[in-house]
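Chain residues, written in single-letter form:
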Amino acid sequence: MSGMQRHNRDSGILAVRDLRILFPTRDGRDTVKAIDGMDFDVRAGETFGIIGESGSGKTTLGRALVSLLRPSHGQILHDGTDPAALGTSAFRKHRRDYQIIFQDPNAALNPRMTIIDSVVEPLEIMGEGDHASRRRRGIEVLERVGLAAEAADRYPHQLSGGQKQRVNIARVLTLRPKVIVCDEVVAALDVSIRGDVLNLFADLQREFGLTYVFITHDISVVSHISDRIAVTYLGKLMELGPAEDVVERPLHPYTRALLSAEPVPLPSHLRVDRRIILEGEIPSPVAPPLGCRFRTRCPSVQARCAKEVPAWRDVKPGHRVACHFATADGPPPDNQKAQRAS
Amino acid sequence: MTGVIDISAVPASRADATAHVGVSPQPLLEVRDLSLSFATAKGALPITRNVNFTIAPGERVGLVGESGCGKTVTGLSLLRLLPPQSARIQGDILFNGTNLATLSPRRMRAVRGREIAMIFQEPMSALDPVFTVGDQISEAYRIHFPVSRAEGRERAIMALREVGIPAPERRCDEYPHQLSGGMRQRVMIAMALICKPKLLVADEPTTALDVTVQAQITDLLRSLSERTGTALIFITHDLGVVAETCTRMITMYAGEVVEDAPVDDVLTRPRHPYTSGLLRSLPGLSKRRGVLASIPGRVPSPSAMPAGCRFRARCSHAVASCAQNQPMVEIGNGRSARCWRAPELLLPGAVN
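As you go down the protein sequences, you meet chains A and B in turn. The first sequence maps to residues 1 to 342 in this note's numbering. The second sequence maps to residues 1 to 352 in this note's numbering.
No lab work stands behind these hints, which were simulated from the structure alone. Any given hint could be a false lead.
Simulated DEER-style distance windows between Cβ atoms [stated by the list, open to error]:
(1) A:GLN75 to B:SER180: 31 to 41 Å
(2) A:ALA107 to B:GLU169: 52 to 62 Å
(3) B:GLU174 to A:ARG29: 14 to 24 Å
(4) B:SER303 to A:PHE91: 23 to 33 Å
(5) B:GLU330 to A:VAL272: 25 to 35 Å
(6) B:ARG109 to A:ARG206: 51 to 61 Å
(7) B:LEU81 to A:GLU140: 40 to 50 Å
(8) B:SER301 to A:ALA90: 18 to 28 Å
Since the structure is predicted, the reported quantities are computational estimates derived from the model, not experimental observations. The beta carbon of each residue, even a glycine, is placed where N, CA and C say it ideally should be.
Using the sequences and the hints given, assemble the complete structure.
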């Protein structure tokens with residue numbers, strides 16, 4: 001089958017099929033299962049949020065989505081095309097549509113290059129236009145992200161963190177991509193300017209019809225900007241559904257616990273004490289627990305959870321969950337709470 | 001070895017003048033007109049100016065603000081941990097009546113760890129990779145108390161148990177790299193609290209941790225403080241963490257304290273436009289997919305600090321008189337704000 005052939009026309013702009021990404025450990029004796037079987041689609045024009053703790057495979061997933069990592073098993077289809085099956089030059093042309101912005105705005109910019117040089121570098125690599133037209137386009141994009149033309153000839157150290165992140169946004173915009181993976185793009189920014197950068201993302205999406213995959217550990221950010229949210233845990237998806245449902249009416253016990261751990265800036269009389277403290281930390285992805293991998297920390301664990309891997313099933317239309325006991329009404333009851341009540 | 005701390009009481013008149021409502025008349029810590037500057041090639045660079053606050057015994061105070069507002073250096077200056085060659089501290093740091101700002105280095109060492117302890121953001125860089133965690137915790141104790149190695153180890157195990165580390169007898173002999181991030185931060189807390197200090201300064205202790213582990217650590221800090229009566233200064237940019245952990249919140253901006261208030265009051269009705277801006281910037285409060293609030297501009301650089309109100313250029317409530325120097329305005333109920341318009345402005349908080 002030719003790589004350019006379009007199949008699965010009804011699938012999303014990104015289609016992840018039985019994705020596994022494995023890394024050998026340093027001593028070579030074991031395998032880190034960073035992504036251990038994921039299936040989902042990202043629809044064109046939506047903002048797809050991915051939340052999870054560190055070590056859940058979020059960043060690996062983000063890199064794989066833009067072909068910076070190859071799947072060990074399974075496929076990631078870009079608008080029906082498998083980029084891994086493309087030849088070198090076709091792949092180069094193809095990947096400009098799938099871009100990524102990283103967390104640390106300082107590390108992503110070369111300190112010895114001026115801002116404009118960094119911004120036009122992707123165009124140079126693509127061999128587009130001449131020097132003057134590239135610079136014109138670069139300045140145009142810098143202005144679009146709210147940076148004055150004076151910033152163009154400065155160096156990264158002369159800009160603030162928020163401005164540097166705008167430069168990184170400008171740099172991927174020069175290529176007019178279809179999909180942008182945003183990996184913790186506001187985590188390094190102060191709360192006071194986060195809103196600005198997130199508003200910019202929303203404006204650009206409306207203007208250019210962009211599709212975003214927004215990877216973050218910050219639940220308040222992801223719930224604000226996403227259309228749908230996927231929850232990852234130890235290399236697998238636990239839950240996927242419309243943002244409002246996942247945040248307001250989670251179905252998986254892990255999502256429920258994650259949401260309850262988020263500190264709420266409310267005065268004490270308005271706060272409801274619904275915190276579910278998860279014991280311990282995320283287990284090692286070298287030897288994830290058998291059966292359901294959340295069972296070692298799950299407050300609703302049952303005997304069946306150790307024996308059977310929960311199916312990735314639709315509990316409500318468009319709302320999937322990987323838990324034996326979750327129903328459309330919510331996650332299974334908390335064992336400790338049930339005990340305390342009796 | 002508590003003799004090094006002068007326990008003589010602060011003169012009653014002064015204590016009364018600075019005491020807030022609901023705070024015991026003798027504060028544990030009283031910071032008065034603390035100004036800090038760094039020596040640079042171009043002369044002294046002022047970093048903080050006339051920082052004033054008091055901490056009562058057992059009180060938990062959140063110190064908040066954007067990066068570059070002087071939170072961390074204020075925390076470090078309380079323990080005199082800034083490089084003495086370049087950092088110049090002016091003002092008084094009265095701890096139980098003793099001025100730490102002028103204490104000799106030898107007597108200061110007796111205070112650090114014993115009376116005031118500190119924990120940092122990144123536990124991996126604060127722990128020594130070549131010693132077991134038990135050795136490091138016991139060292140913190142044996143520096144101040146002359147006990148045997150065996151007793152030091154026993155105390156380290158007790159301290160690890162206290163902070164909720166399972167199987168402390170085994171963990172005690174492990175090295176930092178064998179522990180997870182949350183466990184390492186628990187080790188730091190065990191080390192900080194082993195001498196039962198009266199004050200713990202925690203500088204962004206949960207920023208490097210996942211939200212589920214952050215919840216464990218903030219709950220631990222709060223319950224330890226409640227149980228042992230240790231006062232807490234919690235330096236953070238996360239207002240949610242302050243709301244859940246602290247009793248009072250001090251907002252810093254551009255090297256100055258701009259607001260000081262009980263947590264519940266300030267969340268409901270902030271009195272300084274900067275505090276209000278920080279609260280309104282939290283995405284949880286805006287309509288989903290709606291436009292997020294933010295504070296325009298950025299913190300002025302210490303080398304180009306404007307005269308008058310330092311927040312003026314970013315403030316939507318600024319008027320001509322804001323170009324005057326702004327003193328802290330007492331608003332009552334133990335609250336004050338560095339804004340002359342504070343009594344008249346009705347600013348939105350975290351509650352709609």
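Tested hints:
A hinted range of 31 to 41 Å holds for the C-beta pair A:GLN75 and B:SER180, which are about 33 Å apart. Taking 52 to 62 Å as the suggested C-beta distance range, the pair A:ALA107 and B:GLU169 does not conform, at roughly 41 Å. The supplied range of 14 to 24 Å is met by B:GLU174 and A:ARG29, whose beta-carbon atoms lie about 21 Å from each other. At about 49 Å, the CB distance of B:SER303 to A:PHE91 disagrees with the hint of 23 to 33 Å.
A hinted range of 25 to 35 Å for the beta carbons of B:GLU330 and A:VAL272 is consistent with their spacing of about 34 Å. For the pair B:ARG109 and A:ARG206, the supplied restraint of 51 to 61 Å holds, since their beta-carbon distance comes to about 60 Å. Checking the proposed 40 to 50 Å range against B:LEU81 and A:GLU140 shows it holds: the Cβ atoms sit about 48 Å from each other. At roughly 49 Å, the beta carbons of B:SER301 and A:ALA90 sit outside the given window of 18 to 28 Å.
This entry does not satisfy hints 2, 4, 8, going by the numbered hints stated previously.
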